[in-house]
Amino acid sequence: MKHGKYPLIATFLVPPVLLYVVFVVSPYLQAFQISTTDWLGYSAEANPVGLANFKTLWRDEYVWNALKNNAVLLALVPVSTIVLGLFFATMLNMGGRKGRAGVAGVRGSAVYRTVYFFPQVLSVVIIALLWKEVYHPGKGLLTSAANGLGLAAPTWLGDPRTAFWCVLAVMIWSNVGFYVVLFGAAMSSVPREIYEAVLLDGASRLTTLWRVTIPLLWDTVQVAWVYLAIFALDGFILVQLMTNGGPNFSTDVIGVRMYDTAFGSETKFGYASAIGVVMFFLTLSVAVLALRIGKRDRIEYS
Amino acid sequence: MTTVDSAATSTPTAVPAAGRADRPVRREWGVVNLLSHGFLLFWGAVTVLPLLWMVISSFKSNAEILADPWGLPGALRFDNWARAWGGAHIGRYFLNSLVVVTGSVTLTMLTGATAAYVFARYEFRGRQVLYYLFVGGLMFPVFLALVPLFFVVRNAGLFNTWTGLILVYAAYSLPFTVFFLTAFFRTLPTSVAEAALVDGCGHFRLFFRVMLPMARPGMISLAIFNFLNHWNQFLLPQVLMQGDESKWVLAQGLAALSVNQGYAGDYAQLFAGLTIAVVPVLLVYVVFQRQVQSGLTAGQLK
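As you go down the protein sequences, you meet chains A and B in turn. Residues in the first sequence are numbered from 1 upward in steps of one, following UniProt numbering. Residues in the second sequence are numbered from 1 upward in steps of one, following UniProt numbering.
Be aware that one or more of the hints could be misleading.
Just some of the chain B residues that point at chain A, by a computed CB distance under 8 angstroms [stated by the list, open to error]: (1) Leu40; (2) Leu51; (3) Leu52; (4) Val55; (5) Ile56; (6) Phe143; (7) Gly200; (8) Asn232; (9) Ala255; (10) Gly265; (11) Tyr267.
Derived Cβ-Cβ restraints for the label pairs, each shown as a range [claimed, not checked]: (12) A:Leu149 x B:Leu95: 15 to 23 angstroms; (13) A:Pro247 x B:Arg186: 49 to 57 angstroms; (14) B:Leu138 x A:Pro247: 29 to 37 angstroms; (15) B:Ala256 x A:Tyr6: 25 to 33 angstroms; (16) A:Ala146 x B:Arg290: 33 to 41 angstroms; (17) A:Ser285 x B:Asn260: 39 to 47 angstroms; (18) B:Ala256 x A:Pro247: 20 to 28 angstroms; (19) A:Lys68 x B:Gly38: 45 to 53 angstroms.
To give a feel for the contact side, a few chain B residues facing chain A, derived at Cβ under 7 angstroms [claimed, not checked]: (20) Ile65; (21) Pro141; (22) Tyr285; (23) Val287.
Quick caveat, the hints were computed from the structure, so don't treat them as lab data. Beta carbons are placed, not taken as given, at the ideal position from N, Cα and C, and that holds for glycine.
Could you build all of it, start to finish, from the sequences and the hints given here?
In structure tokens, the structure reads:
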């Protein structure tokens, strides 16, 4: 039976491995090497400088400022998105009036689910450009709405005090729908009888959510946590297109810092790669932490 | 039975007239219920409103946009769309994206499926190492590879070419595609494959005639996932497709349009451009909703 399997293995593996090694593995490896040089540009030579880039980085207040913003995103985006996602998924799956049929979603839950998922199929570029217009102080939706209500509107993305929160709101807006569907799918795989039994016992909806749904969905919540944490460490496209880090660096994130260092007015490739290396270790540790902290026994129902 | 009924009547008006000890509690829950439904509606509105506003604004004149952001257009000005499609080359960028994404998704699925199949179904030396090499790519942020990737692509003579973009998109999609499809191929029954081999079916024929058709649901989910992912790429084309404007993909074209409208004051053109980009995607989504949702969430539930 073994006869003849090696031609297949070779033909099937060589193209993907080649593709992957050339465009993914080798750049990643080179990045670590470049991060220890003072390479400045397209033709200038690169001298090894050891860890000098990382020392500069340690004292670079712009990098720290960007990291601080990422930390705030990390603290707020996953929590808010997951809470909203769980809430909406609960409503759509079992928020309806419970007649004799047992557990059901609210009326129109299919429509809600469709609509909530909209942002997920839009490209982040479109979301960024659209919200930039929504926030526009002159012709945007928000300012004229506030004026109509007799409120003084801030300049949204133009004001260092509000810009960051405006970007954060868009991040949550663009993610919630996906997790509503994800949690909804996980909830529908929980046997109905569990909920019916719980409701018969007279548990309130909040108790049900906290004591039954979340423990049963823990694996999914954890995956969501990791994905959202990685998302919060990125945020590049939204920030670059909405504010480009401004005003006054109030919305700067580490991805934008790296991009500007490498492809902005200067081409500090060595230094930019050092920022990339830091991003890598941050992403890795956040992912590992999220998985570790969230570790619980798996619940399986057959 | 009475417990079920009282749980069912959760709106304030539906509380039975007969006095009950727990009546105030139920009434309170009715209020919460009302708020919950209100919040569902609110989130739906927040999701739809910016999109609706975008479509409506794409028909307005620039004067109308400035005068009243919430107003309706005086006439359906399709010339905005024509200006965006032709003048801002959105039509061309749209087709460019289509070409690139068609190529990249095909390449991703072909290389991903063959590699995954080998990992799932064949024993050979180095299998584990190679598999983890692919899957390990999931942990790395693209930012880290950005600088070296730029040079890899340039040295290969692929800078500013669609071929370059297609190869890079495919390479960076391999980790998830291989991870997902390997798991999927493992779930397929081995008995069919064994029977086919006993009947004298070659290894290649077995894959293309038996295994690949059996893996269709997984392939479709992943193709949709990769399609949306590639369609929405911004960072990679921005770095690898910097020069030649005529080859830009849609995301770049829209970003440029947004920058230009700031100078030219042609707001309607931007809204029309965004609408042109959004509407086909939303239509495809609404029609293939079930597949899109499962395609995007399936990978994370595994």
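Taking the hints in turn, this is what the structure says about them:
1. The closest approach between the C-beta of Leu40 (chain B) and any C-beta of chain A is roughly 6 angstroms, which is under the 8 angstroms cut-off, so the hint is satisfied.
2. Checking Leu51 (chain B) against chain A by beta carbon gives a least distance of about 7 angstroms; that is within 8 angstroms, so the hint holds.
3. Interface hint at Leu52 (chain B): violated, since its Cβ lies 10 angstroms from the closest Cβ of chain A, which is beyond the 8 angstroms cut-off.
4. Because the smallest distance between the Cβ of Val55 (chain B) and any Cβ of chain A comes to about 11 angstroms, over 8 angstroms, the interface hint for this residue is violated.
5. Against a cut-off of 8 angstroms between C-beta atoms, the interface hint on Ile56 (chain B) is violated, since the closest Cβ of chain A lies about 11 angstroms away.
6. Contact between Phe143 (chain B) and chain A, as hinted, is supported at the beta carbon level, the nearest pair being about 5 angstroms apart and thus within 8 angstroms.
7. Because the beta carbon of Gly200 (chain B) sits about 11 angstroms from the nearest beta carbon in chain A, more than 8 angstroms, this interface hint is broken.
8. Given the 8 angstroms rule on beta carbons, the hint for Asn232 (chain B) holds: about 4 angstroms separates it from the nearest Cβ of chain A.
9. Taking 8 angstroms as the C-beta contact cut-off toward chain A, the hint placing Ala255 (chain B) at the interface holds, the least distance being around 6 angstroms.
10. The beta carbon of Gly265 (chain B) is not positioned within 8 angstroms of any beta carbon in chain A (closest approach about 10 angstroms), and the interface hint is therefore violated.
11. Below 8 angstroms, beta-carbon pairs count as interface contacts, and Tyr267 (chain B) has one with chain A at about 6 angstroms; its hint therefore holds.
12. Range check, Leu149 (chain A) to Leu95 (chain B): Cβ separation about 44 angstroms, and the 15 to 23 angstroms hint is violated.
13. For Pro247 (chain A) and Arg186 (chain B), the Cβ-Cβ distance of about 52 angstroms falls inside the hinted range of 49 to 57 angstroms, so the restraint holds.
14. The hinted window of 29 to 37 angstroms between Leu138 (chain B) and Pro247 (chain A) holds, with their beta carbons roughly 35 angstroms apart.
15. Take Ala256 (chain B) and Tyr6 (chain A): their Cβ atoms lie about 50 angstroms apart, and the range 25 to 33 angstroms is violated.
16. Between Ala146 (chain A) and Arg290 (chain B), the C-beta spacing of about 39 angstroms keeps the proposed range 33 to 41 angstroms intact.
17. Checking the proposed 39 to 47 angstroms range against Ser285 (chain A) and Asn260 (chain B) shows it holds: the Cβ atoms sit about 41 angstroms from each other.
18. For Ala256 (chain B) paired with Pro247 (chain A), a C-beta distance near 22 angstroms keeps the hint of 20 to 28 angstroms intact.
19. The hinted range of 45 to 53 angstroms is not satisfied by Lys68 (chain A) and Gly38 (chain B), whose Cβ atoms lie roughly 36 angstroms apart.
20. The closest approach between the C-beta of Ile65 (chain B) and any C-beta of chain A is roughly 5 angstroms, which is under the 7 angstroms cut-off, so the hint is satisfied.
21. Because the closest C-beta pair between Pro141 (chain B) and chain A is about 5 angstroms apart, less than 7 angstroms, the hint holds.
22. A hinted interface residue such as Tyr285 (chain B) counts as satisfied when its beta carbon comes closer than 7 angstroms to some beta carbon of chain A; here the least separation is about 4 angstroms, so the hint holds.
23. Given hint, Val287 (chain B) at the interface with chain A, is violated; its Cβ is 11 angstroms from that chain's nearest Cβ, farther than 7 angstroms.
In this structure, the earlier hints numbered 3, 4, 5, 7, 10, 12, 15, 19, 23 are contradicted, and the remaining ones agree with it.
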